[in-house]
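Number of protein chains: 2
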Amino acid sequence: MVEVGLADVRDAAERIRGVAHRTPVITSRTLDAAVGAEVFLKCENLQRVGAFKFRGAYNAVSRLSPEQLARGIAAFSSGNHAQAVALAARELGSSAVIVMPADTPASKLDAVRGYGAEVVFYDRYTEDREALGRKLAADRGLALIPPYEHADVIAGQGTAALELFEEVPDLDVLVVPVGGGGLMAGSATVAKGLDDRVRVVGVEPEAGDDTKRSLVADERVNIPVPRTIADGQAANIPGEITFSINRRLVDEVVLVSDDELRDALRFAFDRLKSVLEPSGASGLAALLSKRVPSVEGARVGVILSGGNVGWKRFGELLG
Amino acid sequence: MVEVGLADVRDAAERIRGVAHRTPVITSRTLDAAVGAEVFLKCENLQRVGAFKFRGAYNAVSRLSPEQLARGIAAFSSGNHAQAVALAARELGSSAVIVMPADTPASKLDAVRGYGAEVVFYDRYTEDREALGRKLAADRGLALIPPYEHADVIAGQGTAALELFEEVPDLDVLVVPVGGGGLMAGSATVAKGLDDRVRVVGVEPEAGDDTKRSLVADERVNIPVPRTIADGQAANIPGEITFSINRRLVDEVVLVSDDELRDALRFAFDRLKSVLEPSGASGLAALLSKRVPSVEGARVGVILSGGNVGWKRFGELLG
Chain A
1 MVEVGLADVR DAAERIRGVA HRTPVITSRT LDAAVGAEVF LKCENLQRVG
51 AFKFRGAYNA VSRLSPEQLA RGIAAFSSGN HAQAVALAAR ELGSSAVIVM
101 PADTPASKLD AVRGYGAEVV FYDRYTEDRE ALGRKLAADR GLALIPPYEH
151 ADVIAGQGTA ALELFEEVPD LDVLVVPVGG GGLMAGSATV AKGLDDRVRV
201 VGVEPEAGDD TKRSLVADER VNIPVPRTIA DGQAANIPGE ITFSINRRLV
251 DEVVLVSDDE LRDALRFAFD RLKSVLEPSG ASGLAALLSK RVPSVEGARV
301 GVILSGGNVG WKRFGELLG
Chain B
1 MVEVGLADVR DAAERIRGVA HRTPVITSRT LDAAVGAEVF LKCENLQRVG
51 AFKFRGAYNA VSRLSPEQLA RGIAAFSSGN HAQAVALAAR ELGSSAVIVM
101 PADTPASKLD AVRGYGAEVV FYDRYTEDRE ALGRKLAADR GLALIPPYEH
151 ADVIAGQGTA ALELFEEVPD LDVLVVPVGG GGLMAGSATV AKGLDDRVRV
201 VGVEPEAGDD TKRSLVADER VNIPVPRTIA DGQAANIPGE ITFSINRRLV
251 DEVVLVSDDE LRDALRFAFD RLKSVLEPSG ASGLAALLSK RVPSVEGARV
301 GVILSGGNVG WKRFGELLG
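From first to last, the protein sequence lines stand for chains A and B. According to this note's numbering, the stretch in the first sequence is residues 1 to 319, in order. According to this note's numbering, the stretch in the second sequence is residues 1 to 319, in order.
Errors might be hidden in some of the hints.
Here are the simulated EDC-like pairs of lysine to aspartate or glutamate, each with C-alpha atoms no more than 20 angstroms apart in a straight line [claimed, not checked]:
| # | chain 1 | residue 1 | chain 2 | residue 2 |
| --- | --- | --- | --- | --- |
| 1 | B | Lys312 | A | Asp259 |
| 2 | B | Lys312 | A | Asp270 |
| 3 | A | Lys290 | A | Asp209 |
| 4 | A | Lys312 | B | Asp270 |
Distance ranges between label pairs, derived from CB positions [as the list claims (entries may be wrong)]:
| # | chain 1 | residue 1 | chain 2 | residue 2 | range |
| --- | --- | --- | --- | --- | --- |
| 5 | A | Phe121 | B | Arg313 | 50 to 56 angstroms |
| 6 | B | Asp196 | A | Asp259 | 52 to 58 angstroms |
| 7 | A | Lys135 | B | Leu317 | 26 to 32 angstroms |
| 8 | B | Val225 | A | Gly319 | 32 to 38 angstroms |
| 9 | B | Arg313 | A | Val119 | 33 to 39 angstroms |
| 10 | B | Gln68 | A | Asp195 | 45 to 51 angstroms |
| 11 | A | Gly310 | B | Glu296 | 28 to 34 angstroms |
| 12 | B | Pro169 | A | Gly319 | 45 to 51 angstroms |
| 13 | B | Pro105 | A | Asp195 | 44 to 50 angstroms |
| 14 | B | Val225 | A | Gly36 | 42 to 48 angstroms |
| 15 | B | Ala33 | A | Glu67 | 17 to 23 angstroms |
| 16 | B | Gly36 | A | Val120 | 32 to 38 angstroms |
| 17 | A | Ala131 | B | Gly36 | 29 to 35 angstroms |
Since the hints were derived computationally from the structure, they do not count as laboratory data. Computed from a prediction, not measured in an experiment: that's the story for all the values here. Glycine residues also receive a C-beta, built at the ideal position from the N, C-alpha and C atoms.
One chain only, chain A, in its complex shape:
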């Protein structure tokens, strides 16, 4: 059993200090009035690479041996984890090979290559990226950094919640997006480790409710590949490690529809002047659409987990 504790998150916070951004916490009286609560938004869309993923990737890469850093790192991801590993490798004087779909948008390829990483393509319709990533890592002697199934990655992701509690110590509720469950596991470890009475709420897109179903079944449930605009939360089964933590620490998981995500993107743009990607807005969406029960009068922390969406795609999403 892989264990992650508050001390591991505190250690991760020391490792990322001065490298990751300490992102701001913002508030909005308009939001507070709409929700009927005091809401504190942790802006991980302002993190390096535009998402919380840099925290976990950097923490994991920084724990590799000098020999391993010299050999290099591998990852498979079409999303923010790819950029996070590429940048973490560069920051630590290593090199990275990222396995990405052949149809990855040019902007994402440019970002990963801009951090100096090599990209290896796979066909997302015929090839298994995880198997490919593992083979590549084995063949070349690279350390594979998975997006969430890794204690150091989970501990790193937890540092966002740790900073939020340092700034706003007396939160009653913490609302966190759930994809593979790494951010959720790290955040729940922090919240419950600091104060067992904090209510920890995960948010999934309606189509990607694998963690919610798994909590109900009390075992990992595999669902069809979700169709949702929240591409960062399109997991079809929780991770083994992340679920073992989340089943113990998460009080409940609520769901949001794609339309509720769109409303939250619009609210964030118009009222918070903040660019969020759909996954990054799911906590905000859950609050705005009253999906989180019993928050009236509470102090509620929300992790806005990422903002990687181009303005053209953003316009298409909002119609």
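Chain B: place on chain A using the hints.
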């Protein structure tokens, strides 16, 4: 002669404490690399009402007598000052009447009315809004709060720069958007008051270069009404009070084109995950387009002055 000093800004900072947001200062390594400097961005787009204007309006309204607050406040503005005065009046238990153009977009009307203010329309092609505002104030016994020609407004606007220097004490350069000159005058008062060696640079849109021309001529120059996407900077002559301060304290004013403003809006969206209106992006635009000389290796503060632009208009601006 109206004087504004650092002590006035410090007093204003006390008055707005806990009412205005202390907005975050953000950094971006991508931006630093593009500019060749260390850049610190003061996010007044995250201020209440979405722009720095709330600082000055609140400071000015808070200095009115109880009798005056009971009678009420007047302002004329089609922009962020309207919302700022409306909200400041509400916060201080007063009432506001705002003179606005008959063709004001519904979203801006809704915002002003949402803060409980009365709106009086005028025809921008046939009527003089300032004369109308003054007559209305005189007829009803209201205190007129002008958008920049007022010592308390200028001192209030200076609090954004004061907070920036508190957070980043050793800035070499401060870059500030110039419209009527209130933000510029308050910011310059702070920068030069704290350290005479700080270089203070104003930014105007190319079409709205009244302050730059006025500094060259060493007297207030009246230009044709500017056509620019930076509607918050479409002044055609500097204020008397603001120019008397800025001629003394501002080292130089640089210009940005509308296309450079568009590039900055896009950069802010894609890389800073921040929504800016064109005027609010002018300092960023000046840096990105290398309009500010001699910043290599310097520590540069920039005030991102506002973010009030709907996402549809934003998409139109970027084409």
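Return the numbers of the hints above that this structure violates; sort them in rising order.
-> Hints 5, 7, 15, 17 not satisfied by this model.
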